[in-house]
Amino acid sequence: MWNFSNIADSIHKWLNLTFSPTLATIIEMVIVGVCVIGLFAVLGLVLVIMERKVSAWMQIRLGPNRVGPKGMFQSLADTVKLLVKEGMTPTGADKFLFNLAPYIALIVAMLLMAPLAFAKDFQMWDLNIGVLYIAAISSVSVISILMAGWSSNNKYSLMGAMRSGAQIVSYELSAGFSVLSVVVLAGSLNLNTIIQSQADGWWIFKGHIPVFISFIIFIIAVTAETNRAPFDLAEAESELTAGFHTEYSGMKFALFFLAEYVNVFIVCAIGATLFLGGWMPFHIGHWEGFNHIMDYIPSSIWFFGKTFFLIFLIMWFRWTFPRLRIDQLLNLEWKYLLPISLFNILLVTAMAILGWYF
Amino acid sequence: MGSSSMIVLIIAALAFSSIAILIAKIVTKATTNPQKGEPYECGIPTKGTTWKQLNVGYYLFALIFLIFDVELVFLYPWAVVAKHVGWMALVEIIIFFFILFMGFLYAHKKGALKWK
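Protein sequences, first through last, are from chains A and B. Mapping the first sequence onto our numbering, position 262 (from 1) lands on 741, and the numbers just tick up by one. Mapping the second sequence onto our numbering, position 45 (from 1) lands on 127, and the numbers just tick up by one.
There are no misleading hints in this set.
Here are the computed lysine-lysine pairs in the PhoX-like style, where the Cα-Cα straight-line distance is at most 20 Å: (1) A:574 / A:634; (2) A:685 / B:165; (3) A:574 / B:118; (4) A:814 / B:191; (5) A:574 / A:564; (6) B:107 / A:560; (7) A:574 / B:107; (8) A:814 / B:196; (9) B:107 / A:564; (10) A:634 / B:129; (11) B:118 / A:564; (12) B:129 / B:118; (13) B:134 / A:634; (14) A:564 / B:111; (15) A:634 / B:118; (16) A:574 / B:134; (17) A:814 / B:192; (18) A:560 / B:111.
Just so you know, the hints here were simulated from the structure itself, not pulled from any lab data. Since we're looking at a predicted model, the values are computed, not measured.
Let the hints inform the model, and build the full structure from the sequences given.
Structure, rendered in structure tokens:
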């Protein structure tokens, strides 16, 4: 099948033969940057239309259906609309922080792309502490939200930002603990090694019930961390108008929106990598014929398929569960999820030491 | 690509967002209006200042978070070697969790986890 490392190698060799080494490196960097920006933009457009279509489907209506075939170009039209809207700064706002916040949100979302393995041998940075890197960078995103809420001189925004701070910070703990359970089993923080350790079965199947529990905790925690319903208190439309980005308009709002959707993609990609085997195809024991057919599907399709399945799951939550109150939300984390995940780590460790996985 | 990918990504993010904002600035036509810059609080005129003290409940949660987050950082190196070290790792982490859990119970008993 397609081998991405061969393509990358041949481009690298050709560039080095044609240009001087320094120039070749710079050209490679530009190529990578342009690719990432392209992926970013496409992801934003696809996820917005997917969100609207899934919502429409859940509510038995058509959803956007005017622009392009079945309304598929609606998000493109929305982008153009946002581009021609005036991006204004309210009077009395802290102008510097107000304008800085969307940049930080976008930089954080972009930086999280680095250690993800999109396909076999297709990774920007094969980092040996990939899980720690993701945990460290993703906690910066709360700063952009606090900055946006505080600087816009709007009480709703401030309330939304404060709620969001308490919420993201709380749910980061159980997300971290559930990720740790896979790290204990795989014995590595390197995302590539974790994927390789799932060659004979994904952790969600290999790890029995404890890993399944941590998968569920992970999904709940990342739903809260990305400020999505039923945990969307930070931008609860019916009580806070739009929370921390009430005052943002035009392109700055679009950048926040884009960063938010890309964050959803990234957390789902991490979930798919850790629990569902990343780009590893689905194999059943010794069914050679079946396994062989599964191997024919390209690894990138496996990765994106699993990721989009998780994204669909998170979108499904939005139309299934009613929004929680802030005290219920913090109760759920501190009184249920955190003790459960602490205890779960002990179970997983005992399981790893006993070797109770295939 | 190694660690240079971080620099590439930061530059890419900055370039992407600044070009987008710049294009928007060129394309749009700014209008002025005395009421335009007012904060949007559902149409009612704003009362008082926005930047004042908020509920202390958030503050306590942040403090407890700090304890648990530092603990989480301690757990990362432990998690990598736990399988090789064997039962000793489990015993050590049980002691570690026991001490932490006592602190957690204390905070709970003091009412730090109650929303007021």
